[in-house]
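Chemist: Residue numbers (the working numbering), protein chains in the order written: chain A, 1 to 236; chain B, 237 to 472.
One or more of the hints may lead you astray.
Claimed, not checked - Below, simulated PhoX-like cross-link-like pairs (lysine-lysine); rule was C-alpha separation at most 20 Å, straight line:
id, chain 1, residue 1, chain 2, residue 2
1, A, 85, B, 321
2, B, 432, A, 141
3, B, 377, A, 124
4, A, 85, A, 141
5, B, 432, B, 377
6, A, 196, A, 141
7, A, 196, B, 432
8, A, 48, B, 377
9, B, 377, B, 321
10, A, 48, B, 284
Quick caveat, the hints were computed from the structure, so don't treat them as lab data.
Protein chains: 2
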Amino acid sequence: MPYELYYWPGIQGRGEFVRLALEEAGADYVDVARGPGGMSAMTRLMEKAAHPPFAPPFLKDGETLIGQTAAILLYLGARHGLAPKDPEGGLWTHQIQLTLSDLVAEAHDTHHPIATSLYYEDQKQEARRRAEDFCRNRIPKFLGWCETILARNPAGDAHLVGGTVTYADLSLFQVVEGLSYAFPRAMKRALRDLPKVAALREAVAARPRIRAYLDSDRRIPFNEEGIFRHYPELDG
Amino acid sequence: MPYELYYWPGIQGRGEFVRLALEEAGADYVDVARGPGGMSAMTRLMEKAAHPPFAPPFLKDGETLIGQTAAILLYLGARHGLAPKDPEGGLWTHQIQLTLSDLVAEAHDTHHPIATSLYYEDQKQEARRRAEDFCRNRIPKFLGWCETILARNPAGDAHLVGGTVTYADLSLFQVVEGLSYAFPRAMKRALRDLPKVAALREAVAARPRIRAYLDSDRRIPFNEEGIFRHYPELDG
Numbered sequence: 001m002p003y004e005l006y007y008w009p010g011i012q013g014r015g016e017f018v019r020l021a022l023e024e025a026g027a028d029y030v031d032v033a034r035g036p037g038g039m040s041a042m043t044r045l046m047e048k049a050a051h052p053p054f055a056p057p058f059l060k061d062g063e064t065l066i067g068q069t070a071a072i073l074l075y076l077g078a079r080h081g082l083a084p085k086d087p088e089g090g091l092w093t094h095q096i097q098l099t100l101s102d103l104v105a106e107a108h109d110t111h112h113p114i115a116t117s118l119y120y121e122d123q124k125q126e127a128r129r130r131a132e133d134f135c136r137n138r139i140p141k142f143l144g145w146c147e148t149i150l151a152r153n154p155a156g157d158a159h160l161v162g163g164t165v166t167y168a169d170l171s172l173f174q175v176v177e178g179l180s181y182a183f184p185r186a187m188k189r190a191l192r193d194l195p196k197v198a199a200l201r202e203a204v205a206a207r208p209r210i211r212a213y214l215d216s217d218r219r220i221p222f223n224e225e226g227i228f229r230h231y232p233e234l235d236g
Numbered sequence: 237m238p239y240e241l242y243y244w245p246g247i248q249g250r251g252e253f254v255r256l257a258l259e260e261a262g263a264d265y266v267d268v269a270r271g272p273g274g275m276s277a278m279t280r281l282m283e284k285a286a287h288p289p290f291a292p293p294f295l296k297d298g299e300t301l302i303g304q305t306a307a308i309l310l311y312l313g314a315r316h317g318l319a320p321k322d323p324e325g326g327l328w329t330h331q332i333q334l335t336l337s338d339l340v341a342e343a344h345d346t347h348h349p350i351a352t353s354l355y356y357e358d359q360k361q362e363a364r365r366r367a368e369d370f371c372r373n374r375i376p377k378f379l380g381w382c383e384t385i386l387a388r389n390p391a392g393d394a395h396l397v398g399g400t401v402t403y404a405d406l407s408l409f410q411v412v413e414g415l416s417y418a419f420p421r422a423m424k425r426a427l428r429d430l431p432k433v434a435a436l437r438e439a440v441a442a443r444p445r446i447r448a449y450l451d452s453d454r455r456i457p458f459n460e461e462g463i464f465r466h467y468p469e470l471d472g
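Okay, chain A solo, but in the shape it has when bound (with noise of 0.2 Å):
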């Protein structure tokens, strides 16, 4: 039976996570709220599951239904030899993960600083004080960290984890991909002192599954309904 994977249609948003590790993996699944009569099916799993998710994406696996991205790709990671099999192993992929979803929320609130509830447009003035600080300080925090891990992991710098891929690694390459797509000036700026984050961009690009999904319709592109928005007023 193919995972069902539940997140709003035409954005990537969180939901993209979790495709990567899914096409990486060549798990066979579905994308529910893109199909007919999905969305109705996602909103009735939120209202009636006996575990309701708080928010998509969630994941569907039988009887087994997962929210929160991290929690998911730790159940995906597990299955699917996208983490080490050593617990230590496997919870230190999912503190990076945790983390990167600590980076993705301060990307989102860069244009809805005040509420998700409101217009970009009716927190502008906002937006652009967070997003400067967000470009300035967190960027290169974060992904200075990312740097740091990779040059102190012992078995090389071309992953954050151990010798082969990990969702986190995936998860990485979409965290740069969409910062570069919000704020290009600002990232090219931080990409000149992150050589190996840069490097790893490229290799998961690289991978035939993830580009053949890159290239595929399934892709959706980035736009300004998702998570990673590019506003250039927004870009310091």
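Following the hints, put chain B in place on chain A, whose structure we already have.
Modeler: Frame of chain A, contents of chain B only:
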């Protein structure tokens, strides 16, 4: 060998979720940064460790170093019976924790909507707007989800997961305590519609080890340096 907990001295912050789990477990631990030389030990680990934590809190168990609150609780929960042993129950408990972590991050941003690097006084206007939305929309949404989970727990509404206490229960207690300190008016209103959440809070506070902890000087009082801050102008 006792666990070593590393967190900023002087605030409850995210470290408190770990402290509550350690206290309920009756585990032997040292709150390192509150002791002599503790701050420099904390900085040293962040700078030098093979698996450097991005930020406190982090936990050292022998040679194992774990950052990210939710990852620490995943680790402790399995070791101390503070989460179900079956993988699905363990993942569900973790998912609840991750959602509470999201709420904690949003609570922090009510007083720092623009930048952690700036003082509250430099973002007071924006804080007022963000806190208004937080009190009106986000608190009811997050805690309403917890109320639903309690209602749907097949083992009864005394716990979020199963029939015994988990770290998710302890964390929900802490979130309700913190929000009630920061936003007493908004929370008084919100809790009227959340009888199960309110009862869980009382039940956790009455657990012998938690009660002893709360009455001890190991429990740092809430204050305006932490995540949950009481600024009357933000209490909507």
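Chemist: Each hint: holds or not?
Modeler: Evaluated hints:
1. 85(A) <-> 321(B): Judged against 20 Å, a Cα distance of about 18 Å means the pair holds.
2. 432(B) <-> 141(A): violated (40 Å)
3. 377(B) <-> 124(A): Outside the cut-off at roughly 25 Å; violated.
4. 85(A) <-> 141(A): violated (29 Å)
5. 432(B) <-> 377(B): The given pair, whose Cα atoms are some 15 Å apart, holds under the 20 Å limit.
6. 196(A) <-> 141(A): holds (15 Å)
7. 196(A) <-> 432(B): Answer violated: residue 196(A) to residue 432(B) is near 49 Å, above 20 Å.
8. 48(A) <-> 377(B): At roughly 16 Å apart (the allowed maximum being 20 Å), residue 377(B) and residue 48(A) satisfy the hint.
9. 377(B) <-> 321(B): violated (29 Å)
10. 48(A) <-> 284(B): violated (47 Å)
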